[in-house]
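**Student:** Construct the entire structure; sequences and hints are all you get.
Chain order of the listed sequences is A and B. For the first sequence, counting from 1, position 132 maps to 507 in my numbering; every step adds exactly one. For the second sequence, counting from 1, position 156 maps to 531 in my numbering; every step adds exactly one.
Worth flagging that the hints you see were computed from the coordinates, not collected in a lab. Yeah, the Cβ is synthetic: ideal placement off N, Cα and C, and Gly gets one too. Hints may be right or wrong, so weigh each one.
To list a few chain B residues with every Cβ distance to chain A over 10 Å, as calculated [unchecked claim]: (1) P459; (2) G500; (3) A512; (4) D537; (5) Q542; (6) E563; (7) K570.
A few chain A residues that don't get close to chain B, going by computed Cβ distances all over 10 Å [as the list claims (entries may be wrong)]: (8) N390; (9) E407; (10) Q419; (11) L439; (12) E485; (13) R487; (14) G500.
Distance windows between CB atoms, simulated [said to hold, decoys possible]: (15) A:A550 to B:K477: 33 to 39 Å; (16) A:A436 to B:Q410: 29 to 35 Å; (17) B:Q410 to A:R518: 43 to 49 Å; (18) A:A402 to B:Q410: 51 to 57 Å; (19) A:R432 to B:F525: 45 to 51 Å; (20) A:A550 to B:A512: 45 to 51 Å; (21) B:A544 to A:G503: 54 to 60 Å; (22) B:R432 to A:T522: 55 to 61 Å; (23) B:A436 to A:T522: 31 to 37 Å.
Protein chains: 2
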Amino acid sequence: MATPTPRRLAFVTGNAGKAAELRAQLAPRAIEVVQDSRGYPEVQADTLREVAEAGARHLLAEGLRPPFVLEDSGLFVAALRGWPGVYSRHAMETVGIPGLLKLLADVELETRSAAFQACLLYVDGAGGLHAFEGTCAGRIAERAAGTGGFGFDPVFVPRGHDRTFAQMAPAEKSALSHRGQAIRRFLEFLDETAKA
Amino acid sequence: MATPTPRRLAFVTGNAGKAAELRAQLAPRAIEVVQDSRGYPEVQADTLREVAEAGARHLLAEGLRPPFVLEDSGLFVAALRGWPGVYSRHAMETVGIPGLLKLLADVELETRSAAFQACLLYVDGAGGLHAFEGTCAGRIAERAAGTGGFGFDPVFVPRGHDRTFAQMAPAEKSALSHRGQAIRRFLEFLDETAKA
Chain A
376 MATPTPRRLA
386 FVTGNAGKAA
396 ELRAQLAPRA
406 IEVVQDSRGY
416 PEVQADTLRE
426 VAEAGARHLL
436 AEGLRPPFVL
446 EDSGLFVAAL
456 RGWPGVYSRH
466 AMETVGIPGL
476 LKLLADVELE
486 TRSAAFQACL
496 LYVDGAGGLH
506 AFEGTCAGRI
516 AERAAGTGGF
526 GFDPVFVPRG
536 HDRTFAQMAP
546 AEKSALSHRG
556 QAIRRFLEFL
566 DETAKA
Chain B
376 MATPTPRRLA
386 FVTGNAGKAA
396 ELRAQLAPRA
406 IEVVQDSRGY
416 PEVQADTLRE
426 VAEAGARHLL
436 AEGLRPPFVL
446 EDSGLFVAAL
456 RGWPGVYSRH
466 AMETVGIPGL
476 LKLLADVELE
486 TRSAAFQACL
496 LYVDGAGGLH
506 AFEGTCAGRI
516 AERAAGTGGF
526 GFDPVFVPRG
536 HDRTFAQMAP
546 AEKSALSHRG
556 QAIRRFLEFL
566 DETAKA
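**Tutor:** Below you can see the structure in the form of structure tokens.
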């Protein structure tokens with residue numbers, strides 16, 4: 376069932392950079408994005424979508440009034456069987472980029488493929504859940520480069536490029552990135568819903 | 376409030392080895408341990424206790440009748456800021472022991488300290504939660520040894536010993552281990568409750 380396009384949307388995230396990215400993308404549609412930094416439990420699940428959906432149900436049960444969005448993202452490294460995946464934030468805060476590079480120290484450049492994945496979850500005004508996913512394929516660089524972005528951005532080189540996410544301007548990264556892709560799918564959904 | 380000592384106790388775990396260890400320890404008290412392999416969501420939390428408590432509340436909400444126990448454990452490596460910690464199972468299934476050894480490749484033997492931690496959570500017949508914790512300090516060996524146990528046991532050498540957990544017989548490991556310690560605290564609790 377179609378719900379009206381929100382004029383104001385809370386983004387439940389502790390990451391101001393993520394909120395700024397969504398804000399920039401929604402501004403042309405006159406949707407105001409407000410960061411809500413409350414936390415919510417993230418389940419240990421195999422997919423980002425499960426993590427996001429469990430978080431949304433928790434927030435609804437806690438009484439947070441929709442509409443709101445939340446997002447989960449992670450880096451999946453093929454040679455490491457998908458590690459760190461849904462636990463990317465913990466990996467970043469513990470072993471960090473030096474740890475990732477050590478784990479790949481003897482892995483050839485052509486087999487250092489990885490993908491950043493994102494799941495943006497929109498909880499509409501009626502409490503319905505809508506998941507929008509994005510993937511950005513690339514590889515892990517042999518050393519860190521750049522100061523932009525956050526997390527593993529300094530070692531991730533998107534396919535077809537030779538610079539890391541951290542070496543790109545926000546708009547350039549967003550045009551390529553997993554999160555940018557998920558946001559664009561969300562925008563398409565809002566446009567279709569508005570027409571319906 | 377004291378609840379009667381259970382005669383039959385479900386252990387909600389997918390790990391038959393853990394169930395066998397608890398069964399061996401509770402047999403002398405004529406408490407039957409039955410493995411229940413249903414899964415439950417594990418939250419991404421900072422402590423094992425939070426993971427176990429959230430799991431217990433989920434199982435109760437789902438209608439699992441107490442009494443039952445569940446357990447969470449992890450390996451916390453000091454030089455890696457506590458990684459893999461509560462995400463030990465995921466780390467084991469992805470980067471595994473070779474990954475852990477790579478991350479510590481340039482770390483001197485004297486700074487390879489680590490601790491295994493366990494939290495055993497007992498949900499009594501009235502739905503009350505009781506947490507029993509255990510810690511085993513030690514260090515990460517320079518190479519894997521032994522075939523016993525599971526997880527990171529082949530590279531964990533408990534303090535004061537020169538063999539890994541995987542080189543020890545189950546009873547020897549249990550006398551030292553984090554899980555054995557948590558189980559003994561649980562037994563003391565049952566004994567006190569029976570007296571009250």
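**Student:** Evaluate each hint against the coordinates.
**Tutor:** Status of each hint after checking the structure:
Distance to chain A contradicts P459 (chain B) as a non-interface residue, since its nearest Cβ pair spans about 8 Å, not more than 10 Å. Non-interface call for G500 (chain B) relative to chain A: holds, since the shortest CB-CB distance, roughly 27 Å, exceeds 10 Å. Every CB of chain A lies more than 10 Å from the CB of A512 (chain B), the least distance being 19 Å, so the non-interface label holds. Remark: the non-interface label on D537 (chain B) is consistent with the geometry, its nearest Cβ contact in chain A lying 27 Å away (cut-off 10 Å).
In this structure Q542 (chain B) is separated from chain A by more than 10 Å, as the shortest Cβ-Cβ distance comes to about 26 Å. The claim that E563 (chain B) is not at the interface with chain A holds, since no C-beta of that chain comes within 10 Å of its own (minimum 30 Å). Once the 10 Å rule is applied to beta carbons, K570 (chain B) is consistent with being away from chain A; the minimum gap is 37 Å. The Cβ of N390 (chain A) lies farther than 10 Å from every Cβ of chain B, with a closest approach of about 15 Å, so its non-interface assignment holds.
The Cβ of E407 (chain A) lies farther than 10 Å from every Cβ of chain B, with a closest approach of about 30 Å, so its non-interface assignment holds. For Q419 (chain A), the requirement that its beta carbon stay farther than 10 Å from each beta carbon of chain B is not met, with the minimum near 4 Å. Consistency note on L439 (chain A): stated as away from chain B, and its beta-carbon is indeed over 10 Å from all of that chain's, at 18 Å minimum. The non-interface label for E485 (chain A) is consistent with chain B: the shortest C-beta to C-beta separation is roughly 20 Å, beyond 10 Å.
No beta-carbon of chain B is positioned within 10 Å of the beta-carbon of R487 (chain A); the least distance is around 14 Å. Under the 10 Å C-beta cut-off, the non-interface status given to G500 (chain A) relative to chain B holds; the minimum distance is some 27 Å. Hint check: A550 (chain A) to K477 (chain B), Cβ distance near 35 Å, so the stated range 33 to 39 Å holds. Restraint check, A436 (chain A) to Q410 (chain B): a C-beta distance of roughly 30 Å satisfies the suggested window 29 to 35 Å.
Our hint of 43 to 49 Å for Q410 (chain B) and R518 (chain A) holds, since their Cβ atoms are close to 47 Å apart. Between A402 (chain A) and Q410 (chain B) the beta carbon distance is about 55 Å. The supplied range of 51 to 57 Å therefore holds. In this structure the hint that R432 (chain A) and F525 (chain B) lie 45 to 51 Å apart at CB is violated, the actual value being about 32 Å. Judged by the Cβ atoms, the range 45 to 51 Å given for A550 (chain A) and A512 (chain B) holds: they are separated by roughly 50 Å.
Evaluation of the 54 to 60 Å hint for A544 (chain B) and G503 (chain A) yields a pass: the beta carbon distance comes to about 56 Å. Take R432 (chain B) and T522 (chain A): their Cβ atoms lie about 42 Å apart, and the range 55 to 61 Å is violated. The hint said 31 to 37 Å for the Cβ distance between A436 (chain B) and T522 (chain A), and at roughly 45 Å that hint is violated.
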